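What follows is the residue order along each chain.
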Amino acid sequence: MSTPRIDVSIENKREEVDTQDDKGHPNTCPACGSHYRDDELERHLRVCPHCGHHFPVRALERIAQLADDGTFVEEDGDLRSADPLGFYDLKPYRERLADAERATGLSDAMVIGGARIEGSACRLAVMDFAFMGGSMGSVVGEKFVRACEGAAGAGVPLVSVAASGGARMQEGILSLMQLPKTVCAVEELHESGSALLSVMTHPTTGGLLASFASLGDVLLAEPGALMSFAGPRVVQQTTREKLPDDFGRAEQNLRFGHIDAIVPRAELRPTLGRLLRLFAHAG
Amino acid sequence: MSPDADPGLRERLSKLAGVTLRRDTRLSAEMERLQQQLDRLKEEATDEEIWNRVLLARHQDRPYTLDYVERIFGDFFELHGDRGRLDDAAVVTGIGSLGGRTVALIGQQKAREIQERVKRNFGMAYPEGYRKAVRVMELADRHGFPLLTLVDTPGAYPGVAAEQHGQGGAIARSQAAMVRLGVPTVTVVIGEGGSGGAVAIALADKVLMQENAMYSVISPEGCAAILWRDAEQAPKAAAAFKPDAAHCLELGVIDGIVPEPVGGAQEDPDLAAQLLGEAVEGALAELDRILPDALKRARRAKFRSMGVLA
Numbered sequence: 000m001s002t003p004r005i006d007v008s009i010e011n012k013r014e015e016v017d018t019q020d021d022k023g024h025p026n027t028c029p030a031c032g033s034h035y036r037d038d039e040l041e042r043h044l045r046v047c048p049h050c051g052h053h054f055p056v057r058a059l060e061r062i063a064q065l066a067d068d069g070t071f072v073e074e075d076g077d078l079r080s081a082d083p084l085g086f087y088d089l090k091p092y093r094e095r096l097a098d099a100e101r102a103t104g105l106s107d108a109m110v111i112g113g114a115r116i117e118g119s120a121c122r123l124a125v126m127d128f129a130f131m132g133g134s135m136g137s138v139v140g141e142k143f144v145r146a147c148e149g150a151a152g153a154g155v156p157l158v159s160v161a162a163s164g165g166a167r168m169q170e171g172i173l174s175l176m177q178l179p180k181t182v183c184a185v186e187e188l189h190e191s192g193s194a195l196l197s198v199m200t201h202p203t204t205g206g207l208l209a210s211f212a213s214l215g216d217v218l219l220a221e222p223g224a225l226m227s228f229a230g231p232r233v234v235q236q237t238t239r240e241k242l243p244d245d246f247g248r249a250e251q252n253l254r255f256g257h258i259d260a261i262v263p264r265a266e267l268r269p270t271l272g273r274l275l276r277l278f279a280h281a282g
Numbered sequence: 000m001s002p003d004a005d006p007g008l009r010e011r012l013s014k015l016a017g018v019t020l021r022r023d024t025r026l027s028a029e030m031e032r033l034q035q036q037l038d039r040l041k042e043e044a045t046d047e048e049i050w051n052r053v054l055l056a057r058h059q060d061r062p063y064t065l066d067y068v069e070r071i072f073g074d075f076f077e078l079h080g081d082r083g084r085l086d087d088a089a090v091v092t093g094i095g096s097l098g099g100r101t102v103a104l105i106g107q108q109k110a111r112e113i114q115e116r117v118k119r120n121f122g123m124a125y126p127e128g129y130r131k132a133v134r135v136m137e138l139a140d141r142h143g144f145p146l147l148t149l150v151d152t153p154g155a156y157p158g159v160a161a162e163q164h165g166q167g168g169a170i171a172r173s174q175a176a177m178v179r180l181g182v183p184t185v186t187v188v189i190g191e192g193g194s195g196g197a198v199a200i201a202l203a204d205k206v207l208m209q210e211n212a213m214y215s216v217i218s219p220e221g222c223a224a225i226l227w228r229d230a231e232q233a234p235k236a237a238a239a240f241k242p243d244a245a246h247c248l249e250l251g252v253i254d255g256i257v258p259e260p261v262g263g264a265q266e267d268p269d270l271a272a273q274l275l276g277e278a279v280e281g282a283l284a285e286l287d288r289i290l291p292d293a294l295k296r297a298r299r300a301k302f303r304s305m306g307v308l309a
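From first to last, the protein sequence lines are chains A and B.
For the first sequence, numbering that gives the first Met the number 0 assigns the number 0 to the initial residue and increments by one for each residue that follows.
For the second sequence, numbering that gives the first Met the number 0 assigns the number 0 to the initial residue and increments by one for each residue that follows.
Calculated directly from the structure, the hints in this document are not laboratory data.
On a predicted model such as this, the values are computed, not experimentally measured, just so you know.
Treat the hints with care, since some could be wrong.
Unchecked claim - A short list of chain A residues far from chain B (calculated; beta carbon distances all over 10 Å): (1) His24; (2) Cys31; (3) Asp67; (4) Arg79; (5) Asp98; (6) Glu141.
What the hints assert, rightly or not - Among chain A residues calculated to face chain B with C-beta under 10 Å, some are: (7) Cys28; (8) Leu78; (9) Leu84; (10) Tyr87; (11) Arg115; (12) Pro179; (13) Leu214.
What the hints assert, rightly or not - Stretch by stretch, here's where chain B covers chain A in the computed footprint (C-beta under 8 Å, at least three residues): (14) 133 to 140; (15) 181 to 193; (16) 215 to 228; (17) 267 to 278.
Where is the CB? At the ideal position from N, CA and C, for every residue including glycine.
Full structure from sequences and hints, please.
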């Protein structure tokens with residue numbers, strides 16, 4: 000048999016990212032080497048004041064950046080994943096889940112709820128890369144669907160903020176099924192007349208890009224965000240092609256017509272505010 | 000499989016029996032054999048058995064989409080091109096006669112000869128392939144043709160141009176197009192159901208798998224490279240994420256299993272095609288006379304329910 004064995008994974012790339020990022024302190028800018036105290040970074044929305052590099056933002060901090068003070072009400076915060084396959088690699092999946100919960104204080108990689116942005120009511124579905132690489136398993140899929148249903152029921156738009164390596168392979172084929180599941184939910188949201196505003200942050204790859212994140216009425220990305228279906232390493236190994244410097248980045252995606260705008264973090268809240276007002280005044 | 004999973008499996012098996020028992024007694028013998036195989040798998044399900052199914056799913060003599068099309072369709076007319084940029088040969092589309100009516104087909108195509116394999120890109124579609132699929136889905140919907148999709152791909156092509164042309168978005172929009180269809184849709188995974196590249200054309204009313212097909216979120220090699228840091232551990236990875244048909248049925252991901260000739264579809268392509276054709280016609284018959292809105296509702300409800308929460 001000579002069919003090439005190609006890793007066309009949409010899986011969580013957490014392990015890879017961990018090993019690559021081992022060198023730097025999380026508050027040291029990987030682009031220019033500047034180092035910051037945590038409160039300094041937080042005050043600058045976790046954007047390097049020196050070079051503009053966008054650091055990752057945890058889900059609750061992102062919500063605090065975007066939502067009007069005191070308006071966010073979390074929903075379904077206690078949904079937890081089962082272990083349908085009894086999955087065990089070097090560590091049991093249950094143990095990985097417990098570790099992630101302990102490390103992040105979250106029950107899984109997405110936080111949903113209702114909020115206002117610059118006065119406009121909306122629902123939020125915000126991902127957290129720190130929880131198992133933001134990988135999408137049954138809980139992320141279910142929460143996203145509930146956020147869509149909540150938005151449709153209230154007749155308000157849904158704002159999603161993606162940060163994910165892709166599907167959670169510890170849930171096997173059920174994690175792949177979260178793609179069609181979330182796609183169905185977006186279609187129903189659209190049929191109800193509500194908008195989906197999709198924000199893609201670093202990274203939004205694999206199964207996320209191949210499902211709801213790409214189906215927003217408006218697609219926004221943060222500067223430099225990696226947004227590719229296959230990761231750069233996979234593409235390099237498969238094709239032996241020399242990758243362009245901005246391979247899969249937000250800038251390339253804008254140039255090729257796949258997103259509407261690149262929005263620096265400081266402008267994200269006013270941009271969403273504007274869009275929410277525009278979508279609120281249909282017919 | 001855990002013993003408490005039994006009721007679900009039995010229920011689905013009986014549903015499957017309903018699909019294929021229609022008017023053909025030989026098939027009921029196949030069902031019996033399948034039931035025995037599932038029982039056996041449930042008892043043993045060794046790592047080796049799962050790996051053997053992966054090898055069969057990838058067997059180079061296994062019938063591919065066009066091998067089935069020429070055997071089960073009459074008067075098949077192939078449709079080419081995405082109406083935008085090019086014709087992706089990794090995705091075959093067309094309309095033809097099946098069971099006395101016109102049915103639209105979308106299938107991923109592998110090949111055996113080296114030149115042909117390159118032309119088919121080893122069954123790995125570019126975004127253009129998914130856009131071609133979407134236009135044929137819309138054609139089917141306009142004219143009330145039921146849609147059959149045959150899944151057989153290691154995955155969507157991971158290349159620079161594929162990314163530049165919007166691979167992720169194309170896969171998302173192909174699924175979204177299937178959510179909107181008001182015609183009956185049937186998917187059969189006939190070989191490798193590789194990840195997003197497979198599910199792009201598999202959001203169907205009835206999703207079936209051939210007995211020795213696989214359906215997975217990642218290739219066993221890819222999973223092993225990441226979790227075990229060693230691609231050689233692929234059999235171990237496959238045993239952990241269980242891409243075989245029986246497990247997919249147990250997890251509620253597919254609606255039925257299509258039996259294959261003893262030893263695998265490659266042993267008797269004609270019989271494999273006959274069994275496939277009968278299963279497809281059976282599934283389409285079940286979906287007959289269901290109104291478009293009811294079809295859409297049930298399809299969405301099915302995918303809505305997928306996943307397991309604590």
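Against the structure, the hints:
no., hint, in the structure
1, His24, "holds (25 Å)"
2, Cys31, "holds (27 Å)"
3, Asp67, "holds (31 Å)"
4, Arg79, "violated (4 Å)"
5, Asp98, "holds (15 Å)"
6, Glu141, "violated (6 Å)"
7, Cys28, "violated (27 Å)"
8, Leu78, "holds (6 Å)"
9, Leu84, "holds (6 Å)"
10, Tyr87, "holds (6 Å)"
11, Arg115, "violated (28 Å)"
12, Pro179, "holds (4 Å)"
13, Leu214, "holds (5 Å)"
14, 133 to 140, "holds (count 4)"
15, 181 to 193, "holds (count 6)"
16, 215 to 228, "holds (count 3)"
17, 267 to 278, "violated (count 0)"
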